[in-house]
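*Asks:* Here the protein sequences line up with chains D and P, keeping their order.
First residue of the first sequence: 949, per the working numbering; consecutive thereafter.
First residue of the second sequence: 949, per the working numbering; consecutive thereafter.
Honestly, I wouldn't trust all of these hints.
Copies of the same chain look alike in the list, so a pair counts if it works inside one copy or between any two.
Unchecked claim - In silico lysine-lysine, DSS-like type, Cα no more than 30 Å apart, as pairs:
1) Lys992 / Lys1103
2) Lys1105 / Lys1118
3) Lys993 / Lys1198
4) Lys1118 / Lys1198
5) Lys1103 / Lys955
6) Lys1126 / Lys993
7) Lys992 / Lys1118
8) Lys992 / Lys961
9) Lys1118 / Lys993
10) Lys961 / Lys1126
These are computed hints drawn from the structure, not numbers from a lab.
Protein chains: 2
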Amino acid sequence: MLLTASKVFGRHKPVIGVNTDPERSLGHLCIPLRYTYCFSDALKKLRQGEFRWQWRHRIRVHLAGMGFNPRPVDLHEQQLSLEQHCSAHRSTTPAAVDGDKAGPELLPVRALNEVLCGESLSSRTCPNPHAPSPTFSLPRPSYYEISINDGPWEKHKNSGLNVCTGTGSKAWSYNINKLASQEVEDLLLIAQRGSRAAQPLEPAFVEQVTQHYNESLIFSPEEPRIFFSIREPIVNRVFTSSLHRGFTTKLAVRSRCWDACMVVDGGTSFEFNDGAVATLTVDEDDALCTVLLEE
Amino acid sequence: MLLTASKVFGRHKPVIGVNTDPERSLGHLCIPLRYTYCFSDALKKLRQGEFRWQWRHRIRVHLAGMGFNPRPVDLHEQQLSLEQHCSAHRSTTPAAVDGDKAGPELLPVRALNEVLCGESLSSRTCPNPHAPSPTFSLPRPSYYEISINDGPWEKHKNSGLNVCTGTGSKAWSYNINKLASQEVEDLLLIAQRGSRAAQPLEPAFVEQVTQHYNESLIFSPEEPRIFFSIREPIVNRVFTSSLHRGFTTKLAVRSRCWDACMVVDGGTSFEFNDGAVATLTVDEDDALCTVLLEE
């Protein structure tokens, strides 16, 4: 569904998904599950107009300061393979001088779920060239500066930045931000300490608070705004991170990474190295046209 | 410090660290910061016995079901490089039959901070062989079964599993599990809804609760137990994750991953693929001897 959506620009071509693998996929972007088993019902309703249109907002990305045209890497069609020597991947073009920097360029992608910014991972090899050599990747923190709605730039160090739409708020963003009842219970117990009105915590109450909290992370695909969240922020003397997440209509990210990338909907990626600035916004013209059938 | 500790087995050889880069490193494992500027003071105290010994517990790992001797990859000494074709890394030995499986083997490592289990990441290449080609890694969920203290096996799907010592509870584990005051405030507001005794939330109160919660994630290096936490658990019809984290003295993990690894202290990694079982415990004999100087 994401792959198909990635080929459709503009708001006029409807994209309708059917969940063909209900055992393994929740199919958030598809028509309700029951139509997988009686698709003719869905066709009937569509023909008879028993549905409504739903425009799912998407994120557009302007990229500046790369010094050259950003070349998208299509991750869907590449085979799984690894390359020699990480340093060959770093840009060999001389660092762009301020005056030389290419102006912001609108990238040929529209994020239906999210834009993920992260550091490419270092991989190491086994010393024995004859044996099949495992390579393992270690997470490295990512360094960014972030400006919300043209606000002041803030330094951040973390495991990555996720910027999602309402559609994407049920995807990776949800997994990053949701809390488990165990954590909620621990927290509520701490909050209660020393309180005269403290009562024992009912499990049902803890479950309810947890559920409501997690539900608050989800918003409508039709809302023209984006939600950003920072994975595993590292806070110390240098990197104070006052705002870890929030809603906005415009977000600018300046990369301070050696070897980072921006991945759109898990499908297309762009190099996003030191000095490059990505500006993320929502434009009505980019909304993806889908349908809402009743359950 | 971690590299040095990785060369020291047993509890009899003291390892003392000095923070040589206080601008960039907090030096949790080193003697207090002030001694970086007057190291002779530290030497004086050590000579005069003005210190106490501190034994930091470490995790030992037994690995079974690999079908061959597990070959450690030393990540410290490898250059940054990437290899061709991910599938070459998958084991070419035939899948071990139950009767054939090698018995649990004690690995030649002791984790001072933590053991991280995760899926190796897929990397994709740019289609143009002539241009410097960026490779980007996408996170893929990891599949495991986990048994706590010889309890029943539970299926888990997540971004990875972190098992740490008291020493490691200030490291990666802390970043994974800590909460920001923003999240705490959102949660407390939800918990208050509909409560007759609801009072406006003081920022100082929220900060205090946040601080206490985060402090509760840290435990003493001298406690002979391990803390496991699951990063970004994915919970759905198949993968119910009732216990996301906790303390224990014994943890067994069965890999259900294609291409996973276990990384000890960010320094040594082991292949950890489908069917392999790692058992993590703490043994007094493995404790690392360090010193405690007063501030």
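*Asks:* Work down the list of hints and note, for each, if the structure agrees.
*Replies:* Checked hints:
When the C-alpha separation of Lys992 and Lys1103 is checked against a cutoff of 30 Å, the pair qualifies neither within a copy, at 54 Å, nor between copies, at 40 Å. In this assembly of identical chains, the alpha carbons of Lys1105 and Lys1118 lie at most 30 Å apart whether taken from the same copy (25 Å) or from different copies (17 Å). In the homo-oligomer, the alpha carbons of Lys993 and Lys1198 never lie at most 30 Å apart, since the shortest distance is 38 Å inside one protomer and 56 Å across protomers. Taking identical chains as interchangeable, the C-alpha atoms of Lys1118 and Lys1198 lie at most 30 Å apart only when both belong to the same chain, with a minimum of 20 Å there against 35 Å between chains.
When the C-alpha separation of Lys1103 and Lys955 is checked against a cutoff of 30 Å, the pair qualifies neither within a copy, at 35 Å, nor between copies, at 36 Å. In this assembly of identical chains, the alpha carbons of Lys1126 and Lys993 never lie at most 30 Å apart, being 35 Å within a copy and 48 Å across copies at closest. Taking the shortest alpha-carbon separations for Lys992 and Lys1118, only the intra-copy value of 29 Å comes in at or below 30 Å, while the best inter-copy value is 59 Å. With identical chains, the CA atoms of Lys992 and Lys961 are at most 30 Å apart within one copy only, with a shortest distance of 20 Å there and 77 Å across copies.
Proximity of Lys1118 and Lys993 under a CA criterion of 30 Å is satisfied intra-copy only: 26 Å inside one chain copy versus 57 Å between copies. In this assembly of identical chains, the alpha carbons of Lys961 and Lys1126 never lie at most 30 Å apart, being 34 Å within a copy and 44 Å across copies at closest.
Checked against the numbered hints given earlier, the structure breaks hints 1, 3, 5, 6 and 10 and satisfies all the rest.
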